[in-house]
Amino acid sequence: MFGVRPIFFQRGILNNKYSIEPIASGRRSEDDLVAHTLLDLEHIDSSLADNSEQSLCPALDVGLSTMTERKLEDLPEEFVVEVRIFSDPSHNQNKTMDDLIKYFGVIMSEVRQISFMIFQGVSRILSAKLSNRNYTFTRRSRDPKSKQRIINLCGTVGRFYNYVKATLTEDTQDAVIYVSSPSFFSGCSHYCHVCKKNPVATTTVKFGPPGPDEARIIAHELGHLLGMTHEGYCPWYSTKGKKRLRCKGKDHGYVMGRGKPPHYFSYCLQDQAKGCLMTKKKRCFELTGGKKLF
Numbered sequence: 297m298f299g300v301r302p303i304f305f306q307r308g309i310l311n312n313k314y315s316i317e318p319i320a321s322g323r324r325s326e327d328d329l330v331a332h333t334l335l336d337l338e339h340i341d342s343s344l345a346d347n348s349e350q351s352l353c354p355a356l357d358v359g360l361s362t363m364t365e366r367k368l369e370d371l372p373e374e375f376v377v378e379v380r381i382f383s384d385p386s387h388n389q390n391k392t393m394d395d396l397i398k399y400f401g402v403i404m405s406e407v408r409q410i411s412f413m414i415f416q417g418v419s420r421i422l423s424a425k426l427s428n429r430n431y432t433f434t435r436r437s438r439d440p441k442s443k444q445r446i447i448n449l450c451g452t453v454g455r456f457y458n459y460v461k462a463t464l465t466e467d468t469q470d471a472v473i474y475v476s477s478p479s480f481f482s483g484c485s486h487y488c489h490v491c492k493k494n495p496v497a498t499t500t501v502k503f504g505p506p507g508p509d510e511a512r513i514i515a516h517e518l519g520h521l522l523g524m525t526h527e528g529y530c531p532w533y534s535t536k537g538k539k540r541l542r543c544k545g546k547d548h549g550y551v552m553g554r555g556k557p558p559h560y561f562s563y564c565l566q567d568q569a570k571g572c573l574m575t576k577k578k579r580c581f582e583l584t585g586g587k588k589l590f
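Each residue of the sequence shown is one higher than the one before, counting from 297 in our numbering.
Worth double-checking, as some hints may not be accurate.
[Stated by the list, open to error] Simulated restraints, written as ranges between beta carbons of each label pair:
no., residue 1, residue 2, range
1, P508, R435, 51 to 57 Å
2, F412, R455, 48 to 54 Å
3, M393, K556, 32 to 38 Å
4, P508, K391, 17 to 23 Å
5, H559, T432, 49 to 55 Å
6, K461, R438, 25 to 31 Å
7, K367, F412, 22 to 28 Å
[As the list claims (entries may be wrong)] Mimicking DSSO-like on lysine-lysine, the simulated pairs with C-alpha atoms at most 30 Å apart in a straight line are:
no., residue 1, residue 2
8, K570, K539
9, K570, K544
10, K546, K536
11, K578, K536
Think of the hints as simulated: they come from the structure by calculation, not from any bench. Built from N, CA and C at the ideal position, the CB exists for glycine as well.
Let the sequences and hints guide you as you build the complete structure.
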């Protein structure tokens with residue numbers, strides 16, 4: 297489907313206090329994955345500020361050469377994204393399944409409300425299923441600066457996918473979220489991989505009273521799985537005639553950029569998600585039959 301695989305970065309703001317920023321790295325990972333961290337807004341260098349004052353990307357082939365399965369007008373009026381959530385032992389320690397259902401029930405209810413804002417005039421349903429793991433797939437590495445052992449979320453994506461591939465059939469979920477305990481990183485995922493090989497994203501959240509931060513991190517990762525770049529970045533997916541479209545800072549949304557709620561996604565990212573879904577086969581839009589948990 298692709299000529300090349302993209303590298304994507306996430307950036308966003310949590311409660312006007314923290315920003316989701318890409319980890320600087322001099323090399324690309326084997327899977328073109330980039331980890332992200334939370335930074336205090338007061339300590340962010342001005343070079344990270346949004347510079348997308350122009351509305352169009354450079355006049356070159358910025359997007360992927362994708363094969364579309366359907367035309368824009370053929371996108372269904374209603375589609376279901378079924379998400380399977382796996383809770384790591386480091387996150388669910390001493391918690392019962394009822395505890396996890398209540399916890400993720402609140403979070404995914406908020407994520408569902410956010411997902412309603414992706415497309416105008418299209419009904420969305422977010423169905424979630426929960427699994428409690430008593431063994432971990434979390435990969436750890438040593439931070440060269442602090443010398444501390446930290447969770448390697450991008451490494452965990454590959455390790456956990458091997459488990460998903462061996463134990464789950466593709467028609468039982470569209471996306472998989474692996475949740476572990478907090479670390480220096482906030483998330484890592486593939487790009488436009490919903491209903492596709494390795495539809496796995498990893499996130500780190502604390503197990504406390506669920507709030508908007510946890511929902512936003514998960515919604516952020518799902519946004520990338522649906523083909524969205526960060527606000528202000530040139531698109532990798534788009535509808536016809538919009539591959540150079542890039543929104544100005546005043547139009548940026550809250551989930552993938554530095555906007556404020558209730559403005560969750562810019563019209564540019566809405567177009568990117570539509571472009572991503574245009575590459576999906578019919579199976580992606582069909583209810584997979586899983587029992588709704590939330």
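Each hint, compared with the structure:
| no. | hint | verdict |
| --- | --- | --- |
| 1 | P508 x R435: 51 to 57 Å | violated (28 Å) |
| 2 | F412 x R455: 48 to 54 Å | violated (33 Å) |
| 3 | M393 x K556: 32 to 38 Å | holds (36 Å) |
| 4 | P508 x K391: 17 to 23 Å | holds (21 Å) |
| 5 | H559 x T432: 49 to 55 Å | violated (37 Å) |
| 6 | K461 x R438: 25 to 31 Å | holds (28 Å) |
| 7 | K367 x F412: 22 to 28 Å | holds (24 Å) |
| 8 | K570 x K539 | holds (12 Å) |
| 9 | K570 x K544 | holds (19 Å) |
| 10 | K546 x K536 | holds (24 Å) |
| 11 | K578 x K536 | holds (20 Å) |
Hints 1, 2, 5 from the list above are not met by this structure, while the remaining hints are.
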